[in-house]
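Residue-level listing of the chains:
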Amino acid sequence: MIKNYLKIAWRNIRKQKFYSFINILGLTIGMTCCFLIFMYVRFELSYDSFHKNKDRIYRVVTDVKTPTELIEADITSAPMGPNIKADFPEVVSSVRINLQNALVTIGSNKYDEDRVAMADSTLFDIFSFQLIRGTAKNALAEPFTAVLTESKAKKYFGSADPMGKTFQMDGGKVTIKVTGLMKDVPENSHLPFDMVISMATAERMGQNLTESWGNFGMLTYLLLAPGADAAKLEKKLPAFMESHIGSTMKRNNMYYTLHLERLKDVYMTSKRPAAVKGSITNIYIFSIVAVFILLIAVINFVNLATARATERAREVGVRKSVGAYESQLTFQFLCETLLLSLFAFVLSVALSQLLLPPFNLLAGKEIAYNIFLTGTIGWFLFIAIAVGLLAGIYPALVLSSYKPVVVLKGAFSSSNKGLFLRRGLVVFQFVITIVLIAGVMIVYYQLLYLQSRDLGFKKDQQLVVEFGGVDNMKEKWFDIRQQVLNVQGVSGATFSSAIPGRFQNSAYSNIEMKNGEMQASNINLYFIDYDFIKQYEIKVLAGRAFSPQMATDSTQAMLVNEAVVSSLGYSKPEEIIGKKFDQWGRKGTIIGVIKNFNYRSLKEAVSPLTLRIEPEAFVPMTITVSPKDAKKVIAGVEAIYNRYVPEGRFNYFFVDDDFDRQYRGDFRFGQLVLTFAILAIFLATLGLLGLISYIVIQRTKEIGIRKVLGASVNNILLLLSTDFIKLIAIALLVATPLAWYLMYQWLKDFAYRIDVPWWVFLAAGCVAVVIALATVSIQTMKAAMTNPVKSLRTE
Amino acid sequence: MIRTVNLQKIFTTEEIETSALNGINMEVKEGEFVAIMGPSGCGKSTLLNILGLLDNPSGGEYHFWDHEVARMSERQRAQLRKGSIGFVFQSFNLIDELTVFENVELPLLYLKVPASERKDKVEKVLERMNIMHRRNHFPQQLSGGQQQRVAIARAVVANPKMILADEPTGNLDSTNGEEVMKLLQELNEAGTTMVMVTHSPYDAGFAHRVVNLFDGRVVTENIKEQFHV
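Residue numbers (UniProt numbering), protein chains in the order written: chain A, 1 to 795; chain B, 1 to 229.
If you are wondering where the hints come from, they were derived from the structure by calculation, not from laboratory data. Keep in mind the model is a prediction, meaning the values are calculated, not measured. The reader is advised that the hints may include incorrect statements.
Unchecked claim - Mimicking BS3-like on lysine-lysine, the simulated pairs with C-alpha atoms at most 25 Å apart in a straight line are: (1) K119/B with K3/A; (2) K29/B with K7/A; (3) K29/B with K3/A.
Said to hold, decoys possible - Listing some non-contacts, in silico: residues in chain B with all C-beta distances to chain A over 10 Å: (4) Q8; (5) I16; (6) E27; (7) D55; (8) S58; (9) Q79; (10) F206; (11) R217.
To be verified - On the chain A side, residues computed to face chain B include the following (Cβ under 10 Å): (12) M1; (13) K52; (14) K54; (15) L233; (16) K320; (17) S321; (18) G323; (19) A324; (20) Y325.
Yeah, the Cβ is synthetic: ideal placement off N, Cα and C, and Gly gets one too.
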């Protein structure tokens with residue numbers, strides 16, 4: 001029997017090539033999108049799941065609370081981890097990790113490494129990073145030892161055995177010995193690194209890891225004993241902090257509260273920063289998009305199948321008259337849909353495999369390279385079957401319910417039954433389409449806004465060269481700057497410790513409040529030279545900027561931004577001028593207030609910032625150049641750089657490019673949504689094309705009669721498109737609040753965001769109307785321009 | 001074999017009620033060949049559909065063999081129908097996507113007849129209908145007469161007790177029509193009860209008995225000798 005069903009299904013597919021093409025293409029595109037997004041979502045949700053102890057690993061994070069602010073940090077200070085381990089028996093092990101950049105030198109080769117971890121030797125006990133050579137116990141036990149990943153070892157030493165080999169760091173000052181070899185860190189690890197240097201190295205290089213309770217900079221992870229209750233442990237941590245540094249916290253009026261985060265929450269749901277961070281909002285958005293696209297394809301199928309149901313009516317009648325039960329017919333038609341959907345499944349799997357490389361590129365990470373190794377095929381098959389059933393059940397029920405008495409007479413024509421449903425489904429499709437179009441427009445509008453918004457500083461034509469590794473910068477910076485200024489094409493040069501868009505330090509600072517008390521807080525910090533404010537065109541709102549004429553400016557003066565002013569309770573910038581500060585051993589007065597400038601991504605509001613002159617800390621030099629001179633200037637500066645840092649590696653970038661790099665993830669998101677929106681529109685159009693071509697065939701006679709009675713081609717066009725325009729209008733009404741809500745969720749991530757303009761929805765609606773009209777017109781024109789004599793004769 | 005008592009059928013649309021059958025009392029004995037005649041719209045086809053268990057009457061009784069079937073559900077009717085009634089339609093009603101062989105095989109599939117037996121039965125009936133050479137063709141590749149022979153083959157393949165034919169020659173030229181009628185006659189002579197709706201007095205001549213309908217009632221019943229032209 002099944003054979004008979006499949007046979008007739010196959011023959012129908014072949015006979016109705018146009019409709020089969022629409023259905024299979026639609027389902028294939030829908031499923032391919034769904035499969036790719038499925039893999040993406042699954043990958044995103046799989047972060048850190050490869051650790052055997054994943055359910056027992058917790059990240060220790062800190063809330064730093066001062067009277068003026070609450071900082072939710074992902075880091076701790078160095079002594080915290082080992083002391084928690086020592087104080088609480090339920091903690092089996094702890095590890096401190098510090099992710100950093102390093103310049104690695106091997107012979108004459110220099111490598112800039114931005115994925116270097118410094119970690120305790122317990123790293124391999126707690127996490128399931130796989131050691132190939134060396135032992136977990138010994139590999140990181142000694143100072144100046146390192147474990148390399150396979151790919152890094154290969155890069156440094158080729159095929160030679162890396163064990164026992166050495167390399168230099170810190171401009172050749174430190175020699176590190178390779179004591180272990182590990183598998184590359186999986187892509188789905190929130191801790192990205194290519195090599196691990198022993199934490200003992202940091203200690204040997206002068207860092208105080210046992211006493212410095214207030215010096216934050218370590219990621220700390222705990223492995224709890226099986227069955228240990230993390231919530232209970234967390235409750236004991238305030239007392240733990242109190243016992244260790246209670247008096248210090250009180251004295252500084254700065255309190256640390258430790259929290260435990262489950263490892264599986266770190267990447268996706270934690271609000272705290274991380275080296276690699278997922279977005280649960282994006283996961284939701286993509287999941288919804290996948291379901292939407294699949295639904296569009298399913299709806300295409302349902303619409304076409306129910307519209308064309310009458311074609312199969314006679315068969316239903318015949319089968320019933322020879323003894324088929326209704327349930328057998330339902331089953332038969334479901335089988336046909338399943339066949340179609342399995343056909344699309346095979347094509348989709350092949351297509352997904354083909355599209356994986358560009359998809360990886362689009363996603364910005366390697367989700368998978370072989371679809372058959374992802375263990376998802378079973379899921380895909382399940383999706384395909386679900387799609388087949390979903391798409392097939394309604395048409396199957398409609399078809400199998402036909403009464404043989406009615407359909408076998410031969411004069412059977414479709415009733416209005418199902419028409420309402422079809423209209424509803426078309427509206428639904430257009431809702432999805434309009435939401436996606438509006439979504440894409442809003443995403444790009446926001447991205448455009450991010451790029452064009454005045455950040456409060458000049459970011460164009462600012463070349464940055466990193467002068468890391470200059471010995472005794474304090475003595476040399478002025479000369480270096482002078483030499484750079486002499487390079488032809490350079491119109492300005494300024495040193496600082498950080499530049500907008502890049503990491504800046506924060507410092508434990510005491511600043512005088514309005515009432516005369518000193519307030520401690522952790523405030524971001526820029527060390528700059530005298531020209532920084534001028535060269536970045538940052539506005540001074542009160543007081544003055546630093547001046548080389550004022551001898552005390554380099555020792556006792558501080559600039560603050562507006563955020564500091566308001567966070568300390570001052571109402572006007574002028575009020576803070578002359579107030580005292582005490583920061584990192586420097587004491588003095590505030591001499592000026594600068595306008596807030598966005599030194600971080602526009603996702604964040606501008607936070608308090610202090611600026612001082614401290615040449616020792618200078619690293620990046622910002623050089624103002626005109627674009628046409630850029631090449632010459634870069635060459636000229638490189639020569640200067642090489643004189644001062646002969647063992648270094650010359651690095652440069654432009655502030656604007658670098659700043660926009662922060663939005664790379666958002667652009668990627670935009671591109672993905674755009675891609676899927678285009679596909680959704682394509683699918684909806686495809687469905688419309690099928691539906692309209694069928695409607696036109698059905699109404700051929702009507703069109704003929706109308707033409708005979710004097711209707712013009714335009715009249716006919718209007719007749720057939722009015723219906724669809726009405727449906728789109730309804731869809732627009734539904735889609736507008738929906739799109740607004742969804743995009744508002746996305747925009748919420750940005751501290752600086754656009755107000756969603758009303759015209760976006762109108763424009764999206766117009767796009768939908770244009771697409772629908774174009775589709776209707778193409779099909780209708782053919783019918784409307786046919787000689788009515790011909791169309792009437794065929795009836 | 002079948003007996004109706006005061007059989008009624010009323011079609012209801014939004015505005016009007018149409019009475020298609022208005023108290024039909026008739027009986028068909030096993031082995032009989034009965035023709036139903038009457039002008040268009042007199043209820044011939046409606047009656048045939050009810051007799052064929054494709055439709056339920058609105059009132060009255062219908063005894064099919066020993067079953068009172070007038071109130072049966074669709075599923076029960078399908079159960080009873082399969083294997084015991086064969087249908088021949090004016091417009092053949094073959095499934096275009098199936099070959100001759102597959103069309104004829106269809107009733108046997110629903111009867112769950114094993115494959116080898118199916119093949120035997122279908123081939124036999126195709127030979128009997130003289131259409132064996134066309135077994136792998138699709139309906140649209142056949143002439144009207146051939147298509148009706150396939151339809152008849154399909155109607156008899158499961159060896160039903162009764163065949164209901166709705167204007168079986170209506171779409172055929174006279175030569176093919178004659179051939180089809182002869183086939184039906186042969187089947188009747190071999191023991192199959194035959195009920196046929198027809199407009200054609202000539203075709204009705206093949207029947208033992210003619211029932212004349214008018215406005216949903218039986219107006220006259222003629223047995224062959226009195227009627228034959």
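Tested hints:
Distance restraint check for K119/B and K3/A: the Cα-Cα separation of roughly 15 Å lies within the 25 Å cut-off, and the hinted pair is therefore satisfied. A distance of roughly 40 Å separates the Cα atoms of K29/B and K7/A; the hinted pair therefore is violated under the 25 Å criterion. Restraint check: the Cα-Cα separation between K29/B and K3/A comes to about 39 Å, which exceeds 25 Å; the hinted pair is violated. With a closest Cβ-Cβ approach of about 16 Å to chain A, Q8/B is found to remain outside the 10 Å limit, as its non-interface label requires.
Consistency note on I16/B: stated as away from chain A, and its beta-carbon is indeed over 10 Å from all of that chain's, at 18 Å minimum. Every Cβ of chain A is farther than 10 Å from the Cβ of E27/B; the closest lies at roughly 23 Å, confirming the non-interface assignment. Its closest Cβ contact with chain A, about 5 Å, brings D55/B to no more than 10 Å, contrary to its assignment away from the interface. No Cβ of chain A comes within 10 Å of the Cβ of S58/B; the nearest lies about 13 Å off, and the non-interface call holds.
Once the 10 Å rule is applied to beta carbons, Q79/B is inconsistent with being away from chain A; the minimum gap is 8 Å. Distance check for F206/B against chain A: the nearest CB is about 23 Å away, which clears 10 Å, and the non-interface claim stands. At roughly 21 Å, the least C-beta separation between R217/B and chain A is larger than 10 Å, which holds for a residue marked as non-interface. A hinted interface residue such as M1/A counts as satisfied when its beta carbon comes closer than 10 Å to some beta carbon of chain B; here the least separation is about 5 Å, so the hint holds.
With 10 Å as the threshold, the beta carbon of K52/A stays out of range of chain B, its nearest partner Cβ sitting at about 55 Å, so the hint is violated. The restraint placing K54/A at the interface with chain B is violated, with a minimum CB-CB distance near 54 Å, outside the 10 Å limit. A cut of 10 Å between beta carbons decides the hint on L233/A: the least distance to chain B is about 65 Å, and the hint is violated. Interface hint at K320/A: satisfied, since its Cβ lies 7 Å from the closest Cβ of chain B, which is below the 10 Å cut-off.
Annotation: S321/A was flagged as interfacial toward chain B, and the flag holds, the nearest CB pair being 5 Å apart, inside 10 Å. Nearest Cβ of chain B to the Cβ of G323/A: about 2 Å, under the 10 Å cut. The hint holds. Of the supplied interface hints, the one on A324/A holds, with its beta-carbon coming within about 5 Å of a beta-carbon of chain B, less than 10 Å. With a cut of 10 Å, the hint placing Y325/A at the interface with chain B holds, because the nearest CB-to-CB distance is about 5 Å.
The structure does not agree with the numbered hints 2, 3, 7, 9, 13, 14 and 15 stated previously, though it agrees with the rest.
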